[in-house]
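Enquirer: Chain by chain, the residues:
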Amino acid sequence: MGKYILQRLAFTVVVIFCISIMVFVITHVVGNPVDIMLPLTATEQQRIELTQRLGLDQPLHVQLITYLKDLARLNFGVSWWQRVACEEVIMKFIIPTAFLVTLSCLFALIIGVPLGIISAYRPGSLLDRTITILSLSGVCLPPFWIGLMLMLVFAVNLGWFYTSGFGAWKHLILPMITLACNPAGHVAQIVRFEMLQQLNSLYAITARAKGVSEVTLLFKHCLKNIMVPTVTMLGVDYVALMAGGSATVEVVFGWPGFGNLITGTIENLDFPLLQAEVFFVAVFVCIINLLIDFMYTAFDPRIRF
Amino acid sequence: MVETTETVLEVKNLSTSFFLREGEVKAVDDVSFHINKGEVLAILGESGSGKTVTALSLLRLISWPPGKIKAGSVNLNGQEILNLPLSKMRKLRGRGIAMILQEPMSSLNPSQTIGSQIMEAVQINQGLFGEEAQKKAVDMLNIVRIPSPEKRFYNYPHELSGGMKQRIMIAIALSCRPKLLIADEPTCSLDVTIQAQILKLMKQLRSEIDMTILFITSDLGIVSEMADRVAVMYAGKMIEITDVFTTFEKPAHPYTRGVMGSIMAMKAGGRLNIIPGDPPNLMNLPAGCKFHPRCEYCRDICKDEEPHYTDLNGDGSHFVSCHFPLGGRR
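Chains as they are written, first to last, in the working numbering: chain Y, 1 to 305; chain A, 306 to 635.
Check each hint, because a few of them may be wrong.
[What the hints assert, rightly or not] Subject to a maximum C-alpha distance of 30 Å in a straight line, what follows is the list of computed DSS-like cross-link-like pairs (lysine-lysine):
| id | chain 1 | residue 1 | chain 2 | residue 2 |
| --- | --- | --- | --- | --- |
| 1 | Y | K220 | A | K317 |
| 2 | A | K317 | A | K396 |
| 3 | A | K456 | Y | K220 |
| 4 | Y | K170 | Y | K92 |
| 5 | A | K396 | Y | K69 |
| 6 | Y | K220 | A | K373 |
| 7 | A | K393 | Y | K69 |
| 8 | Y | K224 | A | K317 |
| 9 | Y | K170 | A | K317 |
| 10 | A | K342 | Y | K3 |
Keep in mind the hints are simulated off the structure, nothing from the lab.
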């Protein structure tokens with residue numbers, strides 16, 4: 001167990017190292033931040049001064065080494081765009097997103113699992129087909145469109161919730177539901193598929209042959225066995241939403257979150273902030289994956305580290 | 306053992322088919338048999354002859370789609386069960402008929418301890434709960450000779466060997482206290498020493514708790530060891546039913562004789578006498594007698610007309626479905 005965690009952590013360090021280099025290279029070839037930071041009327045002298053101040057006049061490999069040295073000391077530098085320490089900027093924006101995305105994924109789990117089970121209980125029935133269409137829509141419809149439609153109906157016409165902003169529960173509900181559509185659809189589909197397999201398995205026949213009812217079979221026997229793929233699926237969605245996937249919905253609902261921050265960072269070619277953001281996301285993804293691996297052991301006694 | 310007259314199970318004209326895209330597969334076709342109380346009836350047949358489907362049909366565990374019990378009647382202790390509502394059928398499973406599946410490796414729930422899986426059977430069928438049920442489950446582990454049962458109770462299936470898992474399957478089935486136990490090749494995936502242990506165990510338990518057993522197998526050795534009577538299946542049909550002695554010594558159906566002939570020849574040190582040809586494709590069965598393409602006694606009538614199920618001695622002791630049964634009255 002301890003050995004396994006150490007191995008995973010070592011692996012995480014390697015992953016983050018590689019990603020950091022990739023981000024550095026990609027950011028430094030996409031454009032010149034000086035063009036964006038200075039007004040169009042700036043003189044050549046001003047441009048040269050800023051380039052020197054940002055250290056962009058040095059050869060690329062020197063810049064890379066400086067960047068890696070700073071990274072090793074967890075010194076992310078100051079954001080060119082926001083003019084505060086990068087980690088401060090990220091903390092300020094990541095908390096609202098973590099809050100929103102976590103609630104969305106929990107909501108998706110609460111909605112998706114029962115829908116999938118109901119579907120699998122009577123495959124081919126009207127209810128099953130309705131749920132399949134719903135879950136497909138949840139997966140296929142673009143979240144920003146769902147968000148706009150929900151906003152139109154429940155915020156503009158009915159006035160139950162606020163259209164945009166951050167602070168009260170009335171701000172939270174609509175973006176939460178919007179973001180939950182996609183993972184809920186995934187969860188419902190995977191639960192249906194896995195549940196059908198479990199219900200047709202040999203151990204299900206054993207259970208039925210000793211007189212177990214279908215409902216007991218579903219909840220007591222099969223539910224635990226479908227949790228590993230379900231949690232894997234939800235974990236992938238969770239990480240994707242945290243790593244900028246929530247951006248369009250955050251824009252639609254004016255949510256001051258990480259997705260909004262990433263798009264702004266890219267628009268402004270803010271190299272230090274972008275590099276810090278990618279670092280945070282990479283660490284976050286690795287931690288979540290580690291947590292999910294440990295969750296497996298709770299559901300499947302055959303998995304031990 | 307055939308002197309008891311109380312019939313536990315009476316199956317008449319049972320037909321179960323699977324409706325696949327390619328067509329109908331008649332897995333069980335017009336099968337009739339009965340089992341007397343306390344008796345062991347072995348269903349003998351090669352794989353694909355419909356033995357397991359027959360067993361699952363008795364429990365109504367054929368899942369639709371694609372499988373369906375098309376016709377027939379199954380009478381358990383005087384109660385017709387094919388038209389019972391599902392809720393009543395569920396109550397009959399377990400305490401009425403219990404089943405040991407043939408695949409011990411995947412027939413236990415991988416995420417539950419074996420103790421809780423046995424306990425569940427005790428709770429449902431004996432109405433015991435809590436510590437009482439647990440004590441009973443540990444007792445059952447003892448009965449099936451699992452060493453240190455109190456510890457094993459908390460094991461998961463993957464922590465046990467195949468032979469132990471098979472014994473757990475037996476413990477689950479026996480915890481239901483069934484009137485009829487269906488054992489579907491309970492030893493087929495085990496090595497010979499464990500096989501012998503399990504057969505011995507089943508024999509002991511059978512006399513201890515006075516159980517009726519329907520034993521499904523393709524192993525002639527097990528048949529001679531366990532069975533009182535033998536029903537032979539071929540291509541979804543039941544072709545011969547008689548007591549175990551007659552099956553081995555004076556079989557009336559050419560197929561049974563062919564099967565027995567292979568061991569006779571080996572005993573005599575002669576050549577292995579195998580039945581020529583392959584079993585038929587269930588999607589595309591031959592007309593007339595299903596066995597005629599492989600039968601050395603085949604005549605014209607066998608190719609066109611399906612033989613009736615006839616009572617050879619007129620006393621219900623030997624049924625065969627053949628136009629020209631061997632050694633019997635013509």
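Enquirer: Each hint should be assessed against the structure and marked as holding or not.
Expert: Hints, verified against the model:
Distance restraint check for K220(Y) and K317(A): the Cα-Cα separation of roughly 36 Å exceeds the 30 Å cut-off, and the hinted pair is therefore not satisfied. Of the supplied pair hints, the one linking K317(A) and K396(A) holds, its CA atoms being roughly 22 Å apart against a limit of 30 Å. For the proposed pair K456(A) and K220(Y), the alpha carbon gap of about 23 Å is at most 30 Å, so the pair holds. Only pairs whose Cα atoms come within 30 Å are accepted, and K170(Y) paired with K92(Y) is accepted, the gap being roughly 21 Å.
Proposed proximity of K396(A) and K69(Y) is contradicted: the alpha carbons are some 71 Å apart, above 30 Å. Only pairs whose Cα atoms come within 30 Å are accepted, and K220(Y) paired with K373(A) is accepted, the gap being roughly 27 Å. With a C-alpha separation of about 74 Å, the suggested pair K393(A) and K69(Y) falls outside the 30 Å cut-off, and the hint is violated. Simply put, K224(Y) and K317(A) have alpha-carbon atoms about 41 Å apart, too far for the 30 Å limit, and the pair is violated.
Proposed proximity of K170(Y) and K317(A) is contradicted: the alpha carbons are some 67 Å apart, above 30 Å. Distance restraint check for K342(A) and K3(Y): the Cα-Cα separation of roughly 60 Å exceeds the 30 Å cut-off, and the hinted pair is therefore not satisfied.
Hint compliance for this structure: hints 1, 5, 7, 8, 9, 10 are not met, and every other hint is.
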